[in-house]
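J.: The listed protein sequences derive, respectively, from chains A and B. Here the first sequence is numbered in our numbering, starting from 51 and rising by one per residue. Here the second sequence is numbered in our numbering, starting from 51 and rising by one per residue.
None of these hints come from the bench; they were simulated from the model. Everything numeric in this text was worked out from a predicted model, so none of it was measured. From the three backbone atoms N, C-alpha and C, an ideal C-beta is built for every residue, glycine too. Among the hints, erroneous ones may be present.
For the chain A half of the interface with chain B, some residues (derived, Cβ under 10 angstroms), not all of them [said to hold, decoys possible]:
#  : residue
1  : 78
2  : 82
3  : 85
4  : 86
5  : 87
6  : 120
7  : 133
8  : 149
9  : 184
10 : 187
Output of the computed footprint for chain A on chain B, the stretches with three or more beta carbons under 8 angstroms from beta carbons of chain A [claimed, not checked]:
#  : region
11 : 74-85
12 : 90-99
13 : 122-129
14 : 164-171
15 : 182-191
Number of protein chains: 2
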Amino acid sequence: MQFFGSKEQLFAAVMEIPPSALEQFSTAFEGADDQLGERVVRVFLDAWDGAPGVSEPLMAMLRSAMANDIAREQLRDFIQSRLLEGARSAGDAEAALRAGLASAMLVGVIMNRRIIGVPVIAAADSDEVVEALAPAIQAVLAPRPAEGEAGDDHGRA
Amino acid sequence: MQFFGSKEQLFAAVMEIPPSALEQFSTAFEGADDQLGERVVRVFLDAWDGAPGVSEPLMAMLRSAMANDIAREQLRDFIQSRLLEGARSAGDAEAALRAGLASAMLVGVIMNRRIIGVPVIAAADSDEVVEALAPAIQAVLAPRPAEGEAGDDHGRA
C-alpha cells in the first residue's frame, strides 16, 4: 500500500508496523461476546511476544517512546486516534476509555515481561498469561452491570 | 529508619520512596475478599497520581528505568523480590505471577496516563478509572474457579 489515508497510517508505516498487525488489533476488539478478553489478550501477546517481523517494530516503538519526547508525542497521538476511531465505530464514548485502559494494561505486562524483564512475569508461558489476564480484560472491555442495578449506567452524569 | 534489612529497602530509600508507601502497597494486596481489586487500584492511583512526596519518587523511578540499563536492572530486582516475598506470605507460587501481572497492568495505565499522556486516559477522573479497573484487578488477583470445575486447579501440573 503506497497511500496513507491518515497520520496514524503514516506513523505505523514509519515505525514499520505491518498493516496486518494493526488490522488484527482492531478486529480483536470487535464484538462484546464472552471470548472478547481472551481474543484481545492473545492478539496482543502474539504480536508483542511473537514473530520478529511484528514484535520488533512494536518493541522499537515502545523503546523510542520511552527514550525520546518526539517519539512519545507521536505514540500518544497514534494511540489517541485509534481509540477515538474504535469508539466511533462502537458508538459509545466510554468505550474509548475502556479500550485505552485495556491496551495500557497489556502494554504494561509486555513492558514488565520484555523490557524490565521481571523473572516471575518473563518466565510464565503465554497460555498461563492468557489464562490469568483474559477475565481481567473481559471485565474492562465488557463490564457487567453492577449488582442491584436494573439496567446499565451509561446515561449517568 | 536508619537500617536497611534488605537490598530492596536500600533501593527504595535511594529512590526516596517513603517506607509508608511501600507498606501501603503490601497491605493493599492482603486478603482475598471482594474489595481486593478496588483497594489495590485505589492505593496505586493514590500513590502514583497523588501527593508529590510519593508520586514524584515513583515517577522518577519509572523514568530512570526507561532511560537507563542499571536503573532498569535495579527496578527488575526490586519488583521480583517484592513479588516473591508477597507470594511466600501467601504460600502460593501462582500468587507471585498474579500479583506481578496486576502491578504490571496498573503501571501500564500510569505510564499511558502520566508519561505518554494519552488524552482519553489522562482526562478520566480517578473514580472513573477505579470503577473500570477494580473488577479487572479483582479477576487477576482472586480468580474464580472456572465454570464447570468442581474445585480450583492449583494442583495441576
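J.: Three residues minimum, CB to CB under 8 angstroms: does the region 90-99 of chain B make the cut for coverage by chain A? Let me know.
T.: It is violated: at least three residues are needed, and the region 90-99 of chain B offers just 0 whose Cβ sits closer than 8 angstroms to chain A.
J.: Under 8 angstroms between beta-carbons, do enough residues of the region 122-129 of chain B, three at least, approach chain A for the coverage claim to hold?
T.: holds (count 4)
J.: Tell me if the interface restraint on residue 187(A) is satisfied: Cβ within less than 10 angstroms of some Cβ in chain B.
T.: With a minimum Cβ separation of about 7 angstroms from chain B (threshold 10 angstroms), the hint on residue 187(A) holds.
J.: How about residue 87(A): closest beta carbon in chain B under 10 angstroms, or not?
T.: holds (9 angstroms)
J.: With chain B as the partner, please determine if residue 149(A) meets the hint condition of a C-beta pair closer than 10 angstroms.
T.: Holds: closest Cβ of chain B sits about 8 angstroms from residue 149(A), inside 10 angstroms.
J.: Does the closest beta carbon of chain B sit nearer than 10 angstroms to the beta carbon of residue 78(A)?
T.: Violated: closest Cβ of chain B sits about 17 angstroms from residue 78(A), beyond 10 angstroms.
J.: Return the status of the interface hint for residue 184(A): holds when the least beta-carbon distance to chain B is below 10 angstroms, violated otherwise.
T.: Holds: closest Cβ of chain B sits about 9 angstroms from residue 184(A), inside 10 angstroms.
J.: Under the criterion of a CB-CB separation shorter than 10 angstroms, is residue 86(A) in contact with chain B as hinted?
T.: violated (13 angstroms)
J.: Can we keep the residue 85(A) interface hint, with Cβ of chain B closer than 10 angstroms?
T.: This interface hint is violated because 14 angstroms lies over the 10 angstroms limit.
J.: Do three or more residues of the region 182-191 of chain B come closer than 8 angstroms to chain A, measuring C-beta to C-beta?
T.: holds (count 8)
J.: Are there three or more residues in the region 164-171 of chain B whose C-beta lies closer than 8 angstroms to some C-beta of chain A?
T.: holds (count 7)
J.: Do at least three Cβ atoms from the region 74-85 of chain B come closer than 8 angstroms to Cβ atoms of chain A?
T.: Check failed, 0 qualifying residues.
When each numbered hint is compared with the structure, violations occur for hints 1, 2, 3, 4, 6, 11, 12.
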